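The whole structure should be built from the sequences, with the hints applied where relevant.
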Amino acid sequence: MPIDKIFKDDASEEKGERARMASFIGAMAVADLVKSTLGPKGMDKILQSTGRGHSVTVTNDGATILKSLHIDNPAAKVLVDISKVQDDEVGDGTTSVVVLAGELLREAEKLVTSKIHPMTIIAGYRMAAECAREALLKRVMDNKENAEKFRSDLMKIAMTTLCSKILSQDKEHFAEMAVDAIFRLKGSTNLESIQIIKKPGGSLRDSFLDEGFILDKKIGIGQPKRIENAKILVANTAMDTDKVKIYGARVRVDSMTKVAEIEGAEKEKMKDKVNKILAHGINCFVNRQLIYNFPEELFADAGVLAIEHADFEGIERLGLVTGGEIASTFDNPESVKLGHCKLIEEIMIGEDKLIHFSGVAMGQACSIVLRGASHHVLDEAERSLHDALCVLSQTVNDSRVLLGGGWPEMVMAKEVDELARKTAGKKSHAIEAFSRALVAIPTTIADNAGLDSAELVAQLRAKHHNEGCNAGIDVISGAVGDMEERGIYEAFKVKQAVLLSATEAAEMILRVDEIITCAPRRREDRM
Amino acid sequence: MALAFDEFGRPFIILREQDQKTRLRGIDAQKANIAAGKAVARILRSSLGPKGMDKMLQGPDGDVTITNDGATILEQMDVDNQIAKLMVELSRSQDYEIGDGTTGVVVMAGALLEQAERQLDRGIHPIRIAEGYEMASRVAVEHLERISQKFEFDVNNYEPLVQTCMTTLSSKIVNRCKRSLAEIAVKAVLAVADLERRDVNLDLIKVEGKVGGNLEDTELIYGILVDKDMSHPQMPKQIEDAHIAILTCPFEPPKPKTKHKVDIDTVEKFETLRKQEQQYFDEMVQKCKDVGATLVICQWGFDDEANHLLMHRNLPAVRWVGGVELELIAIATGGRIVPRFQELTPEKLGKAGMVREKSFGTTKERMLYIEHCANSKAVTIFIRGGSNKMMIEETKRSIHDALCVARNLIRNKSIVYGGGAAEIACSLAVDAAADKYPGVEQYAIRAFAEALDSVPMALAENSGLQPIETLSAVKSQQLKENIPFYGIDCNDVGTNDMREQNVFETLIGKQQQILLATQVVKMILKIDDVISNSEY
Numbered sequence: 001m002p003i004d005k006i007f008k009d010d011a012s013e014e015k016g017e018r019a020r021m022a023s024f025i026g027a028m029a030v031a032d033l034v035k036s037t038l039g040p041k042g043m044d045k046i047l048q049s050t051g052r053g054h055s056v057t058v059t060n061d062g063a064t065i066l067k068s069l070h071i072d073n074p075a076a077k078v079l080v081d082i083s084k085v086q087d088d089e090v091g092d093g094t095t096s097v098v099v100l101a102g103e104l105l106r107e108a109e110k111l112v113t114s115k116i117h118p119m120t121i122i123a124g125y126r127m128a129a130e131c132a133r134e135a136l137l138k139r140v141m142d143n144k145e146n147a148e149k150f151r152s153d154l155m156k157i158a159m160t161t162l163c164s165k166i167l168s169q170d171k172e173h174f175a176e177m178a179v180d181a182i183f184r185l186k187g188s189t190n191l192e193s194i195q196i197i198k199k200p201g202g203s204l205r206d207s208f209l210d211e212g213f214i215l216d217k218k219i220g221i222g223q224p225k226r227i228e229n230a231k232i233l234v235a236n237t238a239m240d241t242d243k244v245k246i247y248g249a250r251v252r253v254d255s256m257t258k259v260a261e262i263e264g265a266e267k268e269k270m271k272d273k274v275n276k277i278l279a280h281g282i283n284c285f286v287n288r289q290l291i292y293n294f295p296e297e298l299f300a301d302a303g304v305l306a307i308e309h310a311d312f313e314g315i316e317r318l319g320l321v322t323g324g325e326i327a328s329t330f331d332n333p334e335s336v337k338l339g340h341c342k343l344i345e346e347i348m349i350g351e352d353k354l355i356h357f358s359g360v361a362m363g364q365a366c367s368i369v370l371r372g373a374s375h376h377v378l379d380e381a382e383r384s385l386h387d388a389l390c391v392l393s394q395t396v397n398d399s400r401v402l403l404g405g406g407w408p409e410m411v412m413a414k415e416v417d418e419l420a421r422k423t424a425g426k427k428s429h430a431i432e433a434f435s436r437a438l439v440a441i442p443t444t445i446a447d448n449a450g451l452d453s454a455e456l457v458a459q460l461r462a463k464h465h466n467e468g469c470n471a472g473i474d475v476i477s478g479a480v481g482d483m484e485e486r487g488i489y490e491a492f493k494v495k496q497a498v499l500l501s502a503t504e505a506a507e508m509i510l511r512v513d514e515i516i517t518c519a520p521r522r523r524e525d526r527m
Numbered sequence: 001m002a003l004a005f006d007e008f009g010r011p012f013i014i015l016r017e018q019d020q021k022t023r024l025r026g027i028d029a030q031k032a033n034i035a036a037g038k039a040v041a042r043i044l045r046s047s048l049g050p051k052g053m054d055k056m057l058q059g060p061d062g063d064v065t066i067t068n069d070g071a072t073i074l075e076q077m078d079v080d081n082q083i084a085k086l087m088v089e090l091s092r093s094q095d096y097e098i099g100d101g102t103t104g105v106v107v108m109a110g111a112l113l114e115q116a117e118r119q120l121d122r123g124i125h126p127i128r129i130a131e132g133y134e135m136a137s138r139v140a141v142e143h144l145e146r147i148s149q150k151f152e153f154d155v156n157n158y159e160p161l162v163q164t165c166m167t168t169l170s171s172k173i174v175n176r177c178k179r180s181l182a183e184i185a186v187k188a189v190l191a192v193a194d195l196e197r198r199d200v201n202l203d204l205i206k207v208e209g210k211v212g213g214n215l216e217d218t219e220l221i222y223g224i225l226v227d228k229d230m231s232h233p234q235m236p237k238q239i240e241d242a243h244i245a246i247l248t249c250p251f252e253p254p255k256p257k258t259k260h261k262v263d264i265d266t267v268e269k270f271e272t273l274r275k276q277e278q279q280y281f282d283e284m285v286q287k288c289k290d291v292g293a294t295l296v297i298c299q300w301g302f303d304d305e306a307n308h309l310l311m312h313r314n315l316p317a318v319r320w321v322g323g324v325e326l327e328l329i330a331i332a333t334g335g336r337i338v339p340r341f342q343e344l345t346p347e348k349l350g351k352a353g354m355v356r357e358k359s360f361g362t363t364k365e366r367m368l369y370i371e372h373c374a375n376s377k378a379v380t381i382f383i384r385g386g387s388n389k390m391m392i393e394e395t396k397r398s399i400h401d402a403l404c405v406a407r408n409l410i411r412n413k414s415i416v417y418g419g420g421a422a423e424i425a426c427s428l429a430v431d432a433a434a435d436k437y438p439g440v441e442q443y444a445i446r447a448f449a450e451a452l453d454s455v456p457m458a459l460a461e462n463s464g465l466q467p468i469e470t471l472s473a474v475k476s477q478q479l480k481e482n483i484p485f486y487g488i489d490c491n492d493v494g495t496n497d498m499r500e501q502n503v504f505e506t507l508i509g510k511q512q513q514i515l516l517a518t519q520v521v522k523m524i525l526k527i528d529d530v531i532s533n534s535e536y
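Sequences listed follow chains A and B, in order. Residue numbers for the first sequence follow full-length UniProt numbering, so the first one is 1 and each next one is one higher. Residue numbers for the second sequence follow full-length UniProt numbering, so the first one is 1 and each next one is one higher.
Since the hints were derived computationally from the structure, they do not count as laboratory data. All the given hints hold, so there is nothing to weed out.
One-sided excerpt, in silico: chain B residues whose CB lies under 10 Å from chain A:
1) 43
2) 50
3) 51
4) 59
5) 61
6) 84
7) 274
8) 464
The structure displayed is predicted, hence computed values, not measured ones. Every residue gets a Cβ at the ideal spot worked out from N, C-alpha and C, and that includes glycine.
Here it is as structure tokens:
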């Protein structure tokens, strides 16, 4: 007798071969989608959102592209997820990780069709990934001791990261900026303290790193526009009407005079507060919340610069830069730490006025001002710079570096190939496949640059047969070149994350032999 | 649907809206139910064992889960069929009771149903089959008791526990680092276990996960991990020898619960209220300071002013900490949860050797470690790694299974050998016992023995071995040498002796599997009428 259906309506079930097919195809489709953005000559994608305004994004950042896609295939979602994690964890290599996972699955598919069990493939992949990691570890360079060399390593890494992005024209300029910014963080990975201000107009080359701090706010009317040797109080307090917070309190009066009295008392209270603030002996007051006209006027009278409505991050950064503490009560002026800076002035960038704090006491935070032709360019520039900053901040903590340009992949592939030759049993097929998948990355880089990938990769492979070779693909000259000479470096941490995440994701998808899709949740009909 | 007619040819209406319902009766009902049960079991069958495959499940909101944990698969499957729901319940109760073997129990029930179908075809009455199964399960459970072994461990020698946890983990995706994860699980359980009473409260073990990093970075923290950061960005990030005040009252002016209104009608009143308000904050902070607290953990939020006062008086604070975490912190640090500032006393403070904030990755994510606690009865397993959140979820589930196994062993030290060895031994025992029962039940008992074989069979199948060949070889080996330790060699190690391979399972887990599966099958067999609304 026929089996009653077990699942709810609309739910579907894919089994065995079909399930595997569905996940392979889904994952490979996603990988192919971002494949063409890989490498220095990778192309960009235009993304148009379906939301209001149909806003357009132009990018070649893998994570950004994948994040914006609405994907239904569950295996594809796994790949989107690894790309996102890569972005959160190391910031760069978001495309590579997806491409590598896709290639691993493509190779796995071939093996499955030649009747090798997925578990055997997984076992092989694991061995291969371990071996590849060892190979990388053997060849890493660490220049932590030598500050000068370390800095030049960082420069090279930043340039390598940036060269695949829109900033490639001015990569030296931006790399310099990024490295300077990172050195200011002094080992912290909190990129929040690097503020990126985007102002359309000018050209990308006009972007600069400010050694001080820039706040995207205006100075109140009638207040000094320029303060030297500023003492800054950074505050987070209500400067509108200071409400009585005791629960249930309300004002109830029976005559107009009383209203006036209370109003007067309120004003008095505000005035008190302002006086207390002034008692700190400051000449600049920055508040996170609004400052109403009345207190603003009081500040203006006292010749104090009052800046309202700085957002929370702005306040935090300002606290970091000037070394002041964020205050909310003002009763003990002597013990509140004030921030200091040499000069506060209003500057113009493009059409906008900004407040510039220079000569700050502690340089832990900084601002980067990006200029560019349009919002799209600026957005993309910010993403690129963010990638570079992420990689650099991670490299500062883990200073091991590798060469770039397909060099690490070739090194790994060689070691993995050797392992395959030594391994007995069916696993060796999987290990071989792993090495093929690794080679696919330099192949893609070459293809994207319009080069003869088959020729170049074969040359590379031959060169890498010699121990200690530094050959990689030099996309600019279109030939195989010495990566150390060209100064193409990559961070070890990024490469390792790419390798491990991609293998893990491939393994996860390979292990699946059944896909059960639940019925989509019904949206209630809104009238 | 069968209808009854009265003498005038009118149908009797027995059920409401009778013609809209479908009804299956007698043997048809049993067959249909068995088919549904088998269908569920078939889905899980390929997930059994160390070489079992995973299932990918897409939830109603498009979220993806990848797992091979039986209970999770069934729970997320969103089944509609009544019998299938019974199977889901079955797996869940195994999960609650034992925590491991959730796949095995469903496969076992499926096999029992399949055998029952054959007996039904022979014309044996379902109740007789159920009775036979009941007898057989008793024989099997007794036999398990007989072949089980006590194994000795104590706090210093926990190697056997690690071995057992490794068996559990080897079927999961995390088997790459099963050794280290098993050690973590065992250490965690031992840390919170009450060895005197042989009890473990798993609530004291918190499992936290964060994507990124490596699986190897997973660590056991003798303390608590809170996914929060200090309330003020400039508070110290590290506190040694912390005295912790655990508060469930907000740093805000009190809100009396009775309805009231404070009317402000004169300037004086306005002034007094204002003063009072300031005093409140001041008193609160002073109170904490007075009792000697160096860290405040609060369930609620703080007012901006209170926040600054705390910071100003050099009293770090954490806000919006969830109730469960708060309780754990209280247990770990030996502090008391204080609901009112007035009740704060030095004795009620919790103590921790080290509290520190740690940041991860490139995003601004921080976590608070509370370590070296006064009373380290609460621990946290912090899972790192995994390229994505599905991996973290799966690791969490795997760790949970391992924890459960370790707990079961502390409760009951008996183990049986895994890899299908226990099932094969039971099958032999049940088969031998069958001849002693006169009556029709004998057939049912034999069927039960055959059903027991299906677990090792599935194991062999999933490992890419010839199922029938392998099973019969192992079976004859067990019988010949009369040693119940031979099982299926899933990992291709080259020996069938599960003692050498160190594959153990807990005795209560196995017994529970057999009992639960038998119970559900009995229940399904007893149904002879299914009435359901066909369309609605």
